[in-house]
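Trainee: Mind docking these for me? Both chains are given alone in their own frames, and the hints should help you get the complex.
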Amino acid sequence: MALLEVKGLTVSYPVAVGLSAFISRRFLVAVDRVSFSLPEGRTLALVGESGCGKSSTGLAVLGLLEHVGGEVLFRGKDVLRLRGKALKEFRRRAQIVFQDPYESLNPKMKVRAIVGEPLRIHGIRGDEGRLRRALDLAGLSPPDYFLEKYPHELSGGERQRVAIAAALILDPELLVLDEPVSNLDVSIKAGIMNLLRDLQEELKLSYLFITHDLADSFFLSHEVAVMYLGVTVEQGETEEVLLHPVHPYTKALLSVAPGSGREKVILSGDVPDPLHPPPGCRFHPRCPAAEKRCVEAPPGEVELSPGHSVRCVKAESPREEP
Amino acid sequence: MGEVLSVRDLRVVYRLPTATVEAVGGVSFSLAPGEILGLAGESGCGKTSAACALMRILPGTAEVRGEAFLEGTEILGLPEDEMSKVRWRRIAMVFQNAQAALNPTKTIGYQIAEPLQVHLGYSRRRALQEAGTLLERVRIDPKRLRDYPHQLSGGMRQRAVIAMALACRPAVLIADEPTTALDVMVQAQIIELLKELRDEYGLSLIYISHDLMLLSEICTRIAVMYAGLIAEVAPTGELFRKPLHPYTRKLLGAVTKLGFRAQRLETIPGSPPRLSPPPPGCRFASRCHRTTEACGREVPGLEPVEEGHAVACWNWRDDGAP
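Protein chains in written order, with the working numbering: chain A, 1 to 322; chain B, 1001 to 1322.
Hints are all accurate, no fakes.
Some chain B residues close to chain A (C-beta under 10 Å, calculated; not the full set):
1. Ser1043
2. Gly1044
3. Gly1155
4. Ala1188
5. Glu1192
6. His1210
7. Leu1214
8. Ser1216
9. Thr1256
10. Arg1287
Below, a list of computed lysine-lysine pairs in the DSSO-like style, where the Cα atoms sit at most 27 Å apart:
11. A:Lys251 <-> B:Lys1257
12. A:Lys85 <-> A:Lys204
13. A:Lys7 <-> A:Lys77
14. A:Lys149 <-> A:Lys110
15. B:Lys1257 <-> A:Lys264
16. A:Lys264 <-> B:Lys1195
17. A:Lys264 <-> B:Lys1242
18. B:Lys1195 <-> B:Lys1085
19. A:Lys88 <-> A:Lys110
20. A:Lys204 <-> B:Lys1257
21. A:Lys251 <-> B:Lys1195
22. A:Lys7 <-> A:Lys88
These are calculated hints, taken from the structure and not from any lab test.
Only a predicted model underlies this, so the values are computations on that prediction, with no experimental measurement involved.
Each residue gets a CB set at the ideal place from its N, CA and C atoms; glycine is no exception.
In isolation and in its complexed conformation, chain B is listed as follows (with noise of 0.2 Å):
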């Protein structure tokens, strides 16, 4: 058992009023102790519902199915009472907008100070202890413990979540698209310390972005979602290197880069599908350049290429260019 986390087959389908939303639609992967899992792709792609399944925090409309094995244990089974026990201790989360993960009308300290009162029996002094501590490893003076969230930064603020969410030392942590609404060096300085807490407390990440060369930066892999499906994944350098999935070929060749003026970025003509129900076949295929029957009839599972480097097309071995 060489993984931290093991996820076979997840699915979340929301059942709403009006209509079945198939969010994700069959997800596996596994991540491996200290490292970095990037899960890229754009809006609705399912990555923040597959993220908030594995926390069993997605609301009751929502149903979740498949298996994920966090240190040995299958958590998505696990009754809610034994679950509060994984959660936040073992797998916890942080959220692209602090501000509103964070309590307005409690101070900092008091806030990063009460998962360590209720998960692990500290009493209130050392669990204050505790959270200074906390705070000057993701470097805010702890004189701010007795600050509310609105005289923080930005900045601050995500890092003083990330000192909440590391208060009971969980094994994995997801960092949901955790410095989109913030600057570029914020952003360099917010990943600058999820890499320093990997390494100290051996931490292992799932980074959710969109942003493709960001997580070049950071991850060891990367996982493309498309329309709650796996595309394709790859270790880092591999995927920017060898992409071999049409999306994900579109998607690098759409970003803008610095030092490389290309004539024209990469579109990809119309939308993703309706995921209510998802259409048969390749859930790509209305939007791929390269189909052929098989697209249109079957969904194609993740097929290994090379070692850690997986694809889910039906086309990837003849499709010679882009």
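With the rest of the complex left out, here is chain A (with noise of 0.2 Å):
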């Protein structure tokens, strides 16, 4: 069984648009019907660009966020429907960690109350070991050194450490990776890839790994979801999906990775309105291979292969390359 099943998770914000926020909500879809399962000890990449959902799924996967649908499966227990002691449960068993170390950390706590909090709230006995233990493991030694420090003293890596060591200390199966190396320099955040990879061996953590960056996914995942206006358009696993899309979007979004090597497909203008989503397939209006029926209703999603499934009508009927 995997540690993490997501079935049809859908995740919406309410809106107020000017006097409508008076007379009704209206309701803004940033996640629909989105479906996934990671095993232990494994990495699954969501991926996509600014208000794909990516995020909000990985909030709602944590049970972080109201006005979600869906289920979302830790064990075979449904997190939505969690509560009191077994959601407080829960949450000792799944983590996140935040892109900006320099907003996730409270400037006016020392190292050791920002990854002691953890153990306060959970009630656990203030154990020195442990505390030296997650420093160790997010690779800030000597841990002594760093315990008595602020954030401000630290660098943006120290930083970011110090944000997976108290992720680290309550002994979590799941993290919730939320672009957690977007905003560091390249040989900072090379380091912070290797310890992730690290830590995932030696603790066999189950990754959720938030990214707009494709080379970071292909380095640390091993299945891929990309995600467009709320839907995943492809699935699979990382080698097959990055190598060998199938969507046009996939295609598309790999085509203008920097280094990719593949010949450029510039999608013109902006990704719509979320709020007026447009009807058919969401991606027709930038595909460069939409044809009629994409308009007319959304593609299912098809089983290429085991495990590699596409949102596509062109992937609907057999030999035709989208």
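Mentor: Shown next as structure tokens:
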């Protein structure tokens, strides 16, 4: 059984537009029926551009959002229906690391307090050894040097390691990594990427790795789900999806990734307003291969090979490369 | 005189109340007509300081020395009233944060027309007309002249800023991380646009970025900066094929690549040296795996290796393997 099984996850945000805020609540659907499963000790990368719903998916999986539909099964139990003690226990098992360690750490707290806070919240007796071990795991050694520091005394890479230590201290099984290296310089980023890989191996962690960087997802993930406007357009094994993409959006996104060596497919315009998503396939207004039927109905999910699926009408009819 | 811009021994020193920081420590390079020169490097390496020094837009605390010949005229020593005839007219710059570069209370049209009125003495009407043409050129509907910055998407704002920078048809455009805050697809659009504009206007570009893979796709040559100095400069292909400076090698090894899953990414131990004052000798020495006695004593100059390829390292000759 997979550690995490997400079925038909939908995330909406209420939006207030002018007077309508008083009359009716409108909803922006940020994630629309997303499904995936994450086995133990593996990494699933959620990739896509800003606003595609990847971060919302990550937060929803942790039960941190309202207006969430579908099922998020963690070891078979639906996270979205957990309350009280069971929810708290789940939160121990699933942690998150955010993008910006300059904002995610409380500047008034010392590293000791930041990393120790989860222990306090969960009523675990403050154990010095545990604190040191977490710092050690995150590559902050010697721990004693770092324990008494404030975030501003640390470099960007060290701060992100503090955030990782705080996420690790409760011995979680699942880490949601929300663009954990996006704000870091190359040489520092490389250290964090190596660390994440080592930690996974050592602690058998499962990662939900949210990133806009396809090369990063290639380095760290076993599987990839490509999102566009709240929908997963293609998912499967990382090598399969990123080296032999089938969906026109995946192809375009890969082509513009610096260093991909592919011929550029530059889509014009911007991603449409998620409040008014286009009918049919959400990608059709920008798709180089769009045809009439793409406007009519959203394409179903087609399994091309075990584990590799794509949402494109052209993949529905066999022998037709989209 | 085959060069549009020739920079010799450019130094930028910030005189702060508590310290004197040498952000740029003597940088020389030249820019050929139609060339796109990449300035690569991590945060704090002095790439932006060098660019702003050329634009003469650094704050009063900065002391700039050296020479920069723009189309034959030395601009670092020009009196301000003369420089104001050069700035934006012969050399222009676009910044990372397009939002901050635009005045939120003025329309896009007003802001593009303004430099035309101020610098070229256009009438308001003619300037607005030209602004429309420029907007169209950067692929924004001229109807949006009446829009305010907040009504445009991030990509459009950056394109509007490019239109502003190009309004007076400068010979040199400095693009300082113009796409860092944007999604890859929008980044690809902007880069395509910049290349077109270069061909059309005979523009020469200095493209500043921390992203080596991105630079590899647009630049004819790349200069890698470290701690205020150029560590290595080479034609793009050559830099990737035959990097000679230990820093360049490490940096290239630290980048995640699509299609190649490295076992580990290269990391660079330690952090860049303080530049108040800079250490004697090679500035990379404290983090270099191959140092000799000379490294700690004297700063290595940029030594030509091959046509267009120069490296500032005492030991590049015997550095067989990274």
